[in-house]
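Model the placement of chain B on the given structure of chain A, informed by the hints.
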Amino acid sequence: MNSFVDHTVNGLIVGNIYALLAVGLALIFGVSNLINFAHGSVYTVGAFIGWYAITRLQAPLWLTILLVIAGCALLGMAIERIGLRPLAGKARIAPLLATIGISFVLDQVVQLIVGPDPRALPGPLPNWRLQLGGGTIGALDLLIAGIGVVSAAVLYGFLRFTRLGWAVRATAQDRDAAQQMGVNIHAVNQSVFAIASALGGLSGLLVGMYYNNISPAMSFQATLKGVVAVVIGGVGNVPGAIAGSLLLGLTESYGVALFGTPYRNLFAFLLLIAILVWRPNGLFGGTKKLPPEPLTGTFIAPSRPIRLPTWAWAALVGVLIVLPLVVHAPYLLQTLTNAWLYALLALSLTLVAGTVGQISLGHAGLLAIGAYASALLALDGHLPVPLAIVLAGLVTAGLGTLLVYPAFRLRGHYVSIATLSIGEIVALAILNWESLTHGPIGIAGIPPVQFSNRLIDAGPGFYWLTLAAVVALALLQNRLLGTHLGRSFRAVRDDDVAARAHGLSPNRYKALAFGFGGFAVGIAGALTAHLYSYINHETFTSQISILALTIVILGGMGNVAGAVIGAVALIGLPELFRITAEYRMLIYGAALLLLVRFRPQGLLGTH
Amino acid sequence: MFHFESLVATRRALLGWLVATAFGSAGAAPAAGEPLYFGVSGPLTGQNAQYGAQWKAGFDLALEDINANGGINGRPLAYLFEDSQSDPRQSVAIAQKFVADPRILIELGDFSSTASMAASPIYQRAGLVQLGFTNSHPDYTKGGDFVWSPSISQADSQPLLADLAVKSVGLKRIAVLHLNTDWGRTSKDVFVKAAQERGAQVVASEGYQADEKDFRSTLVRVRDAKPDGLVLISYYADGALIASQIRSTGIHLPVVAVGSVYSPKFIELGGAAVNGIATNTTFFPDEPRAEVQNFVKRFRAKYNREPDAFNAYAFDAVNIAAQAIRTANTTRDRRAVRDALYKIKDVPSVVFGKATFDPTTRRVNGVRSVDLIVKDGAWAVRDEKSAKAAAVAAK
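These protein sequence lines are chains A and B, in that order.
In terms of the working numbering, the first sequence opens at residue 1 and continues consecutively.
In terms of the working numbering, the second sequence opens at residue 608 and continues consecutively.
It is possible that some hints are incorrect.
Straight-line Cα separation of at most 20 Å, SDA-like style, residue types lysine to any residue; simulated pairs [to be verified]:
| # | chain 1 | residue 1 | chain 2 | residue 2 |
| --- | --- | --- | --- | --- |
| 1 | B | Lys-663 | A | Gly-260 |
| 2 | B | Lys-982 | B | Thr-967 |
| 3 | B | Lys-820 | B | Glu-804 |
| 4 | B | Lys-833 | A | Val-5 |
| 5 | B | Lys-820 | A | Leu-140 |
| 6 | B | Lys-833 | A | Leu-258 |
| 7 | B | Lys-820 | A | Pro-262 |
| 8 | B | Lys-820 | A | Thr-541 |
| 9 | B | Lys-833 | A | Ile-441 |
| 10 | B | Lys-909 | B | Gly-681 |
| 11 | B | Lys-820 | A | Thr-580 |
| 12 | B | Lys-663 | A | Leu-112 |
| 13 | B | Lys-663 | A | Tyr-583 |
| 14 | B | Lys-820 | A | Leu-250 |
| 15 | B | Lys-820 | A | Gln-221 |
| 16 | B | Lys-820 | A | Phe-220 |
| 17 | B | Lys-800 | A | Ile-441 |
| 18 | B | Lys-820 | A | Leu-112 |
| 19 | B | Lys-833 | A | Ser-3 |
| 20 | B | Lys-820 | A | Arg-119 |
| 21 | B | Lys-820 | A | Gly-260 |
| 22 | B | Lys-820 | A | Ala-257 |
| 23 | B | Lys-820 | A | Asp-141 |
| 24 | B | Lys-820 | A | Asn-212 |
| 25 | B | Lys-833 | A | Ala-257 |
| 26 | B | Lys-820 | A | Phe-267 |
| 27 | B | Lys-820 | A | Leu-12 |
I should point out that these hints are in silico values taken from the structure, not numbers from a laboratory.
Chain A extracted, bound-state conformation (with noise of 0.2 Å):
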């Protein structure tokens, strides 16, 4: 009983640091309709603000504390003019991107200034603690909750009877209406970026005293459980937030103590899961109706996609595959032979994600499981490697379609943070299963690709056999859109009431979708796996995903012959500016933000 009262402690104590990170995404995603993935940046540039301010300037904690605030409320405002302004009215897709890149430069550029070392950042307040259960705590403990409840009252209070804060809130509600009436938009995505980005900040600063720890790695992580727990609580509504963030801690400290450390975010994801099922809305989002309009049909923004001659691709190919032959450069060809995997890999999301419109951010869990797949039925099953490969791409196939099926009546970003979750529960599972997976010892030895006696390892054979996929199943995946089949997949896209109407079942279509591209990203996580020889929990990051969303969005939603390119592109670059070594992610990111801000449509447009 005694242990039940500290786990309780401990889940509040978390989840008041989950609330800070909260509040400013949910006034984001409130406003805005966006995801900010750049939140988790500004909360560590917000920690580095705070240890300049501490050990450098020697600045008492209230100087900190304001300084952190102007810094990040500045960076929020120049977010919103680089990132956001000029974006308005194109694809909405393309902020989101946009947010991702300037989360890259902002890693980066603090990474560059500060070092890459974490770094401790003493807090100047008195050592004294509370007796609480069989634990204590301490004054920060307080101040992180005296502060995550101040802001949300005065948040409310700023919403609630501030002229700037009647007009966020109409802006929240309806954009186009708002600016009809007279209120400048820009001046109120402004100052919800500042705002939302100040506290970010200072939850940076709290968060970084309370570890005594801050690296500027840390921005992932925190962008993640934020989200989390903004969902939980109920999209853009601030006190929802903080009870998500209670909650979500809770559920994480009681998770650890029914059974044990590595369950942890097993639950807080199957938590997340659980509350989109039941209530898509969040907690605490009144009405069980599901989000208006924005986020179906206008998601992606219509354009006339370019399109190559059918001569030129079949030359293009030609050359492809006679590269080999021509040049020996075993380094460009495994830089392509790796964009031929996540070409298949973006094949897949780009026809879940652009033509059926289902933005999925938990591809790399379904390439975790073609991997894991063919390696085992190869190992364990003692199957000949291309029976192996193909029995992957089935199982991933169903199994994929299997576990984001709960997310079908989900629309927007609710599928996005979704499919993110169960991501990181294929991820987990396959930590946690060990008699299957081999726990975090992962799998060593898997053999290469082998047909008959013909040894396929990494060079031109491999080359060719990705080719091969990439060519055979972008081939089939451009004739299905032209087909009957392909007209029904845009109309769910485009407007699924309409699309019930005339007697389609949305959620079919989105199965056979998955279904298609599971077995797409299967083949390529099952090569991936012969390729490397051992994989573990590791190999397959949630980045991934977000590379793979990335890839798509550049090449253009739902274009076949874009997600190929957009793979080349964003596999290739990282190694071509390789000559700028640690300077490389941040140009990587700064272009990723050209690149969306005068292509928001993608290279080769959406189709």
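For chain B alone, coordinates are given in the frame of chain A:
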């Protein structure tokens, strides 16, 4: 890249020569001419970037020394560092790059086993030695006879930790917290077995993920198992996080940690909470051995900070690579470099004292260790007096 590296190498060689003439230092003449290369695949950006930065410091120091003293049979040694972010997709591309570059005689890295072991088949088939000097995964060197590792083997070092925890500190009911990675898991399994053989009981074992920040719930679980001491199988950053949360969950027990927490950063991040934590490490700057003192003095002079274990691993790896290339006496033949790894004996090493590869496992055995304790915010050798003081303070 090439020009830049060779310029640096030349300048370094020149500097070495100047130092050598000015101070009349002993040893051969500084190296001159076209450098010989080793390739490095490791993280310079991304989640593990700090380790790549630590490697570089160790490499540069080792090269300064080697090139000032005749280099490799008169030629300077230099390296090409490619950033992999410790990501297997990039490490395989880098492997192809190095394999196709005839200047590269041996490859060092990658950092994580996911990145290293994905690249192993490429190095193995091309016949270029992959010296994974931080890869302790039990299956790593099974990648083939071109895959070698001078990293500390867990089978070798965990029994020493068990000696410290069970025999010296006297723990009977141990709770283990370990990183849930291949390294942490392997270490934990070996440790648990070794601790049981020494008569102790492991009452709780909790694996946590590398990005975990909050350990309170885990620690309450550990507390409820009623252990008489904690063993941390952690790196310094997560080790310090755990240490600083132990007291706030009402645990007042002795803590023993694996040697990889040994870093000045452990104390910086952990503050007062790490006082009294015991560890045994293969690298300790105050150790009087000549290899260690030479390394530590020059590291402090060059970088103006304290070296840690990863600096030492990188320093040692370059010395092993240099010794192999020197013995092979080649500028092109990669196979000869591999064959030389079987021949070289007793390479002076900060970590091992003298490093010799076991020809069957292609690993280095015979790890030594020093028992340390954190005393008043500094690492000190653990003796009876400091141990008693820590035991009193823990109560």
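Verification of the hints:
Pair hint Lys-663(B) plus Gly-260(A) does not hold up; C-alpha atoms about 38 Å apart against a cutoff of 20 Å. As the CA atoms of Lys-982(B) and Thr-967(B) are separated by approximately 41 Å, the hinted pair breaks the 20 Å bound. For the proposed pair Lys-820(B) and Glu-804(B), the alpha carbon gap of about 33 Å is over 20 Å, so the pair is violated. For a cut-off of 20 Å, the pair hint linking Lys-833(B) to Val-5(A) stands: about 18 Å separates their Cα positions.
Among the hinted pairs, Lys-820(B) with Leu-140(A) is consistent with the structure: their alpha-carbon atoms are about 16 Å apart, no more than 20 Å. For the hint pairing Lys-833(B) with Leu-258(A), the CA-to-CA distance comes to about 17 Å; that is within 20 Å, so the pair holds. At most 20 Å may separate the alpha-carbon atoms for a hinted pair to count; Lys-820(B) and Pro-262(A) meet this at roughly 13 Å. Of the pairs offered as hints, the one joining Lys-820(B) and Thr-541(A) holds, with about 19 Å between alpha carbons and a cut-off of 20 Å not exceeded.
The hinted pair formed by Lys-833(B) and Ile-441(A) fails the criterion: a straight-line CA distance of about 29 Å is larger than 20 Å. Under the criterion of a C-alpha separation no larger than 20 Å, the hint pairing Lys-909(B) with Gly-681(B) is inconsistent with the structure, at around 24 Å. Taking the CA atoms of Lys-820(B) and Thr-580(A), the gap is near 33 Å; set against the 20 Å cutoff, the hint is violated. With a C-alpha separation of about 15 Å, the suggested pair Lys-663(B) and Leu-112(A) falls inside the 20 Å cut-off, and the hint holds.
Our distance criterion of 20 Å between C-alpha atoms is met by Lys-663(B) and Tyr-583(A), whose separation comes to about 16 Å. Straight-line distance between C-alpha atoms of Lys-820(B) and Leu-250(A) comes to about 15 Å, which keeps the hinted pair within the 20 Å bound. Note on Lys-820(B) and Gln-221(A): the hinted pairing holds, with a Cα-Cα distance of about 10 Å set against a maximum of 20 Å. For the proposed pair Lys-820(B) and Phe-220(A), the alpha carbon gap of about 13 Å is at most 20 Å, so the pair holds.
A distance of roughly 17 Å separates the Cα atoms of Lys-800(B) and Ile-441(A); the hinted pair therefore holds under the 20 Å criterion. Taking the CA atoms of Lys-820(B) and Leu-112(A), the gap is near 24 Å; set against the 20 Å cutoff, the hint is violated. The straight-line distance between the Cα atoms of Lys-833(B) and Ser-3(A) is roughly 12 Å, inside the 20 Å bound, and the hint therefore holds. For the hint linking Lys-820(B) to Arg-119(A), the alpha-carbon distance of about 14 Å falls within 20 Å, and the restraint holds.
Proximity of Lys-820(B) to Gly-260(A) is assessed by CA-CA distance (about 16 Å); at most 20 Å being required, the pair is judged to hold. The hinted pair formed by Lys-820(B) and Ala-257(A) meets the criterion: a straight-line CA distance of about 16 Å does not exceed 20 Å. Among the hinted pairs, Lys-820(B) with Asp-141(A) is consistent with the structure: their alpha-carbon atoms are about 15 Å apart, no more than 20 Å. Straight-line distance between C-alpha atoms of Lys-820(B) and Asn-212(A) comes to about 11 Å, which keeps the hinted pair within the 20 Å bound.
Simply put, Lys-833(B) and Ala-257(A) have alpha-carbon atoms about 15 Å apart, close enough for the 20 Å limit, and the pair holds. Pair hint Lys-820(B) plus Phe-267(A) holds up; C-alpha atoms about 17 Å apart against a cutoff of 20 Å. At roughly 15 Å between alpha-carbon atoms, Lys-820(B) and Leu-12(A) fall within 20 Å of each other, so this suggested pair holds.
When held up to the earlier numbered hints, the structure conflicts with 1, 2, 3, 9, 10, 11, 18 and fits the remainder.
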